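Participant: The residues making up each chain are set out below.
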Amino acid sequence: MSSNRIQQRMDALKASGRKALIPYIVAGDPTPSVTVPAMHAMVEAGADIIELGMPFSDPFADGPVNQRGAERAIAGGMTLRGVLDAVSEFRQKDQDTPVVLMGYLNPLIAMGEVAFCDGCQASGVDGLLIVDMPPEEEGSLVQAAKARGLDLIYLAAPTTTDARLATIGQATSGYLYYVSLKGITGSSKLDTTEVSKRIEHMRQHISVPICVGFGIRTAEDAAAIASTADGSIVGTVLVSQVEALVNDPTKIPEALQSILKPMRDAMDANA
Amino acid sequence: MALTEHELRSLDYEPDAGGHFGDYGGRYVSETLMAALSELDQNYQKLKNDPDFQREFDADLASFVGRPSPLYHAERWSKAVGGAQIYFKREDLNHTGAHKVNNTIGQALLAKYSGKPRVIAETGAGQHGVATATVAARLGLECVVYMGADDVERQSPNVYRMKLLGAKVVPVESGSRTLKDALNEAMRDWVTNVDDTFYIIGTVAGPAPYPQLVRDFNAVVGRELKWQSKELFGKYPDALVACVGGGSNAIGMFYPFLKDTEVAVYGVEAAGRGLSTNEHAAPLCSGRPGVLHGAKTYLMDNSDGQIAHTHSVSAGLDYPGVGPEHAYLKDIGRANYVGATDDEALAAFHEVSKVEGIIPALETAHALAYTKKLAATMRPDQTVVCNMSGRGDKDIFTVAKMEGISLT
Ligand SMILES: Cc1ncc(COP(=O)(O)O)c(C=O)c1O
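Chains G and H, in that order, are what the protein sequence lines are. Residues 1 to 271 in our numbering are what the first sequence spells out, letter by letter. Residues 1 to 408 in our numbering are what the second sequence spells out, letter by letter.
None of these hints come from the bench; they were simulated from the model. Predicted model only: the values in this text are computed from it and were never measured. Note that beta-carbon positions come from the ideal geometry of N, C-alpha and C, so glycine has one too. Fair warning: there could be bad hints in the mix.
[What the hints assert, rightly or not] Derived coverage of chain H by chain G (criterion: at least 3 residues anywhere in the stretch with Cβ under 8 Å from a Cβ of chain G; other residues may be distant):
hint : stretch
1    : 30-44
2    : 65-77
3    : 280-293
[Unchecked claim] What follows is a list of derived Cβ distance ranges for each label pair:
hint : chain 1 : residue 1 : chain 2 : residue 2 : range
4    : H       : 277       : G       : 11        : 19 to 29 Å
5    : G       : 250       : H       : 173       : 26 to 36 Å
6    : H       : 2         : G       : 138       : 25 to 35 Å
7    : G       : 122       : H       : 260       : 47 to 57 Å
8    : G       : 44        : H       : 288       : 22 to 32 Å
9    : H       : 2         : G       : 200       : 45 to 55 Å
10   : G       : 166       : H       : 157       : 44 to 54 Å
11   : H       : 173       : G       : 77        : 14 to 24 Å
[Claimed, not checked] Covered stretches of chain G (chain H as the covering partner; in silico rule of three or more C-beta atoms under 8 Å from a C-beta of chain H):
hint : stretch
12   : 56-63
13   : 70-79
14   : 100-109
15   : 119-133
16   : 148-160
Sequences and hints are given; from them, build the entire structure.
Facilitator: Structure follows, in structure tokens:
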């Protein structure tokens, strides 16, 4: 059931000449009860795929905003089991929107990589993006994920060499996540012409859709990126918004919508 | 999967091309760091065998650090303990007072040879920060040191030392506000400024090639010990003991002896308030394999895989992970890992100060505590060498405070 949701969504977008809008939030930030309503709200605002962060205590590839999100989620009692439960609950109402879990390896090892992949399959997860697992370190997680039809999404960076792009292109399925900036999530500078040049180059090595994240803050950013990439991934602005509403979490779903809707509109105006 | 003695003798104890020691180590990092790590790896593999680089490294160790460090017979303590002859490898006599400077000299030279004008480091107690600021000053490199905000408060003398040496100290407010968070922050700086910045890691942890290169720079300790022990007592020591935080002073002493299986090696972790409590920093004794800071290794985490907050009386051992080569040496059975509690370390701190006239670092005191236990079980014609990894001047405030004495 879960195996082709990402590809189906990407194919459908391509057929209609549109690009993917992919929001990222941390599961359980700031409390477990907000996550599922927030996911539905984001879909309603035009999200095509949801990236859900699995909180980790030491997210060294993320910036301070996302780290604080993870810290709030852990303090609020979110666990890896809780992340899978949130996806199951989301799936009760939404069987179409792909969900990608993004995070770090250690919590998965603690649960057991096979048990984790079983849990993903049972709860309706479609893909995994494990930030600290480059293709060179593929192990039992990758085998277990593939056997259960889970897509494995890998990162590429501005510094990735052509030789590595080829390796990454072989490994990745669903889409490729291009990190548009040197640095961590939430860095500020985004040069869209540079990004589009780079995407054209990467297409020689990568056959799956290329989505771009890191540094997309405004509707203009999202639209500019979507004019060359296959999708815009939006994270830090959303997590900042959650942070601003920690004391008023019921307002979070709507607040996320008011960031995503203008992005959706701007991206579609391009199409 | 402990190996036989014959197998242990025939291993080369080098990581594979991906930086793996058996199952451990590797490069578990985001793609954003991969290019920087392979550049570093290429530079290192080239310079490691470059005679000019090695000559400059050796010359700095001699004239700036004061190497070789002596091998000292702790005669009075040996007698008092009543077992094996105890020797200290005197890394505490190095410039800046610990083994840490062996590594920072090596890495700062790598920075210089790689054309990077800016160096960054993480630090816990501030020892590695001071050692980094010291060599940065000498080579005229810009230096930024990340330090957990709690540690900045607890270790103000070292913060001031770093500033005197011209470094900028950045307090890190995230997470547990200690060493592991400083490491996260330094990695972030590196990803962002990788074009002009060299990251000087303070121990044998982190992604490949760091565990290997930090080991190689510290291995001068074991190499000297090989000829010094032959000279002083005509054979290799029967046992080596060193404390293990990330594991750099330990591996530096152990590595040249790994094929010499007649030499027993013991790494001593911080057992804090006891290994049966949750308040310790002993991943090899009571943690489990996982992935932290770019390497697969033993670490301390909760049942959900979140990295644990650790405890040790010594800031330099207060780290939830450990260098991957130690994880490997544990599994294959080449090295033994044991714990010493806060109380045992404090007792050894006082005892060695009084009996030998050497005030050891609190980190080192853990190794001394176990040395005493071990020596007591050995014969007087046997020898055990403890790595005196650092001097205790930095710790007198901590110890005094614990004993209710005010120094200011
Ligand atoms: C004197 C001394 N010994 C030991 C250590 C522990 O580090 P490692 O295990 O890397 O030698 C430290 C760390 O700060 C130290 O200052």
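Participant: For every hint, state whether the structure bears it out.
Facilitator: Here is how each hint holds up against the structure:
Coverage of the stretch 30-44 of chain H by chain G holds [criterion: at least 3 residues with CB-CB distance below 8 Å; count 7]. Restraint check on the stretch 65-77 of chain H versus chain G: 0 residues with Cβ-Cβ distances below 8 Å, three needed, restraint violated. With 5 residues carrying a beta carbon less than 8 Å from a beta carbon of chain G, the stretch 280-293 of chain H meets the three-residue requirement, and the given coverage holds. Between residue 277 of chain H and residue 11 of chain G, the C-beta spacing of about 56 Å breaks the proposed range 19 to 29 Å.
In this structure, residue 250 of chain G and residue 173 of chain H meet the distance hint of 26 to 36 Å, their C-beta atoms being roughly 28 Å apart. The beta-carbon spacing between residue 2 of chain H and residue 138 of chain G, approximately 27 Å, falls within the hinted interval of 25 to 35 Å. For residue 122 of chain G paired with residue 260 of chain H, a C-beta distance near 53 Å keeps the hint of 47 to 57 Å intact. Between residue 44 of chain G and residue 288 of chain H the beta carbon distance is about 42 Å. The supplied range of 22 to 32 Å is therefore violated.
Here the CB-CB span from residue 2 of chain H to residue 200 of chain G is close to 54 Å, well matched to the stated 45 to 55 Å. About 52 Å separates the C-beta atoms of residue 166 of chain G and residue 157 of chain H, a value consistent with the hinted range of 44 to 54 Å. Range check, residue 173 of chain H to residue 77 of chain G: about 23 Å between beta-carbon atoms, so the 14 to 24 Å window is met. Here's how the stretch 56-63 of chain G fares: 7 of its residues keep a CB closer than 8 Å to some CB of chain H, so the rule of at least three is met and the hint holds.
Closer than 8 Å: that is the beta-carbon criterion, and the stretch 70-79 of chain G has 3 residues meeting it against chain H, so the requirement of 3 holds. For the stretch 100-109 of chain G, the stated coverage by chain H holds: 6 residues have a C-beta nearer than 8 Å to a C-beta of that chain, and at least 3 were required. Chain H is given as covering the stretch 119-133 of chain G, and this holds because 3 residues of the stretch bring a CB closer than 8 Å to a CB of that chain, at least three being needed. Look at the stretch 148-160 of chain G against chain H: 6 of its residues bring a Cβ nearer than 8 Å to a Cβ of that chain, three or more, so the hint holds.
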